[in-house]
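Engineer: Those protein sequences? They're chains A and B, same order as listed. Counting in numbering that gives the first Met the number 0, the final residue of the first sequence is number 350, and the numbers go up one at a time with none missing. Counting in numbering that gives the first Met the number 0, the final residue of the second sequence is number 339, and the numbers go up one at a time with none missing.
By construction, these hints were calculated from the structure, which means they are not laboratory data. These numbers were taken from a predicted model, which means no experiment stands behind them. Note that the Cβ used here is the ideal one computed from N, Cα and C, for glycine as well. Certain hints may be false.
[Claimed, not checked] Okay, the calculated beta carbon distance ranges per label pair:
1) B:A203 - A:A336: 25 to 35 Å
2) A:K268 - B:S209: 48 to 58 Å
3) A:L295 - B:A197: 36 to 46 Å
[Claimed, not checked] Some chain B residues close to chain A (C-beta under 10 Å, calculated; not the full set):
4) V89
5) D92
6) R96
7) P295
8) R299
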Amino acid sequence: MTTSRADRTADPRHGMSPVMNPLIRALLCASLLQLTPLANAEQTAEQAAAPVEGATAPAPEAPSATETLADSAVPAPEVVEAAPAAPAGPVAQVQPPRAWGHSVGDLLTQRVLLAIDGRATGLPRLPDPGRIGVWLERRPARLDTDTDGRRWLVLDYQLINAPQTLTAITVPAFELRTDDGPLQVPAWTFSAAPLTPRTAFAGNGLDALQPDRGAPAVDTAPLRHRLLLWSGLTGALLLAWGGWLVWRNVRSARAQPFAQAQRTLRGLKDDAPEAWQALHRAFDRTAGASLQPASLHRLFERAPHFAPLRADIERFYADSAARFFGDGGAAAGSPRALVRTLARIERRHES
Amino acid sequence: MSSQEQLQDWRDAALRIENEIRKAVIGQDGIVRLINVALFARGHVLLEGDVGVGKTTVLRAFARAIGGDFERVEGTVDLMPNDLVYHTYVDADGKPRIEPGPLLRHGERLTTFFFNEINRARPQVQSLLLRAMAERTVSAFNRDYSFPHMTVFADRNKVEKEETFELASAARDRFMFELRMETPRDPSVRRALVFDTAYHDVDALIDTVSPGLIDAFQLNAIAAHIQRSVSASEAMERYVMDLWDASQNPAAFDIRIDGVDMKRLILAGASPRGMSALLRAARVVAWLDGRSHLQPDDVRAILPSTLGHRVFFTPVYEMRRAQIADALIAQIIDKIATPR
């Protein structure tokens, strides 16, 4: 925030335009040496032309004040901007706002009468809006006509930087190009103050920057309890459901015809008639009808996954017919081996 | 000749008969097989079917193949029992003459007696026929005439119901098989029946069947021999007993038919005569298959034709007999498990 004067003058954004700087400097020198009476004379003439409008050009002592005050270590009012110069050509009549008591964010409205030597003139191009130095931002200019029919150029400046100490800020002088030639708007200085001192009270926990105040803690225990309860219940429900699914699958797998037959056959020998009958019942259940060799096709229609074992199944039926209905010849087949294969195919098909 | 060889020869003959019949009758292999079974089981057959499906042709072909005498009677409302037994007329000398009727005319040589449209004949005629079927004898002229080699084939068309006398349950029970002869479904057979001129001339068709392939007068002896030679195992006996029980009390065997109260369905199950006919026929099936023992498939093959007309339903369901009987037999076959 505290920039030196040299920096500011080198910065082209300061003042009016880079072209104007040498001229202003020359004029400054001239006015300091000899031309002061002339400038004073012009000023007097201006004040005579508009006695009601209040203060106009900045005091010529401002630069020296700036020098002294800016370099002093004591926090004191600071004058930052200073570009007083003898205007070349007619100087505009300006209505500035009050020059003190401004702070960051304030809007300062400057009214410039568009008249040269008392004659109204036109302004083909309004000054551009934009940043003016570190402190100010010029808003889009507008034209206004007062009750007397005079036309004013209305310029709004907003103070966009917060001064750390009481500071004098200058709106630099600039030139308006009117229809009737250039019209000088002189520089204007005002003071701006910080909103608060840098440190109000040192120590004692009253630092300017206070730690964040902790938000009051809401009691979450009942919430957590409820969450725990419901998630527990949901978990238990899911577990029960999963368990039921597994149980049902296991049960239905055990209830499959050949799985059941396999369990029945576990304690039986291959030549036990019960073993053969159990296998017959499993075939019957699978086909949904009592099967005999002539109706075996119904088994393969209903359970085509057993078709690869067709030869084995037909042999079983032939052996069984010989055993139960034939001459009682010893049957060679092993129902236990067959039921194992069948149960395996059945399991694979079901899953 | 040993009895085994004799049985084998007869079996060949039986199969030859079937082949001969198939020359004249196409698309009815099941019917031909069952009539052949009935012939060797010495049972009578009731044929039921639409008009013109070839019932008469099948029977004439059989009569020609097995040899012996063939007689045919048309059932009509005014036919009386006496018309079967004797025939009265005045001869050339003006004297009244009495001659034996169609039933007696051939004496013991009668092998095939075909009663056409039996349901048009009066119950009196039917009962005469029943005795002839059951005992193969008829009393006439103060003595008994017997026709030991006779097989009765009756037919009944199911189209008309007017002026008909439905067969009593006792009458139906005497037929070993009640066969339903249907119009063939196979398109090639149907086309042949319509376009092949060979099937238009029935007499010429019958003539293609070789006559007298077997000695019809030995049928009784060989049938008895067949019955003795085919055995039934214990498991088979249990199966047949289950079938019988199921025909009497189907609900006990978890037999269900849609829209039928199974507890109220059966008025009377199969009779002992019916079951013996079933076994006789099943043994012939086994013999034709070249086996000396019965298998469940033998019984299943003939169950619909044997049991269908022997189970009697309560009046509520009797009107839907054809439909329910088929479903019942199919369920009995499906539900009775064997070996057990």
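Engineer: Hint by hint, say whether it matches the structure.
Structural biologist: Okay, the hints, checked on the actual structure:
no., hint, in the structure
1, B:A203 - A:A336: 25 to 35 Å, "violated (60 Å)"
2, A:K268 - B:S209: 48 to 58 Å, "holds (55 Å)"
3, A:L295 - B:A197: 36 to 46 Å, "holds (38 Å)"
4, V89, "violated (60 Å)"
5, D92, "violated (65 Å)"
6, R96, "violated (57 Å)"
7, P295, "holds (5 Å)"
8, R299, "holds (7 Å)"
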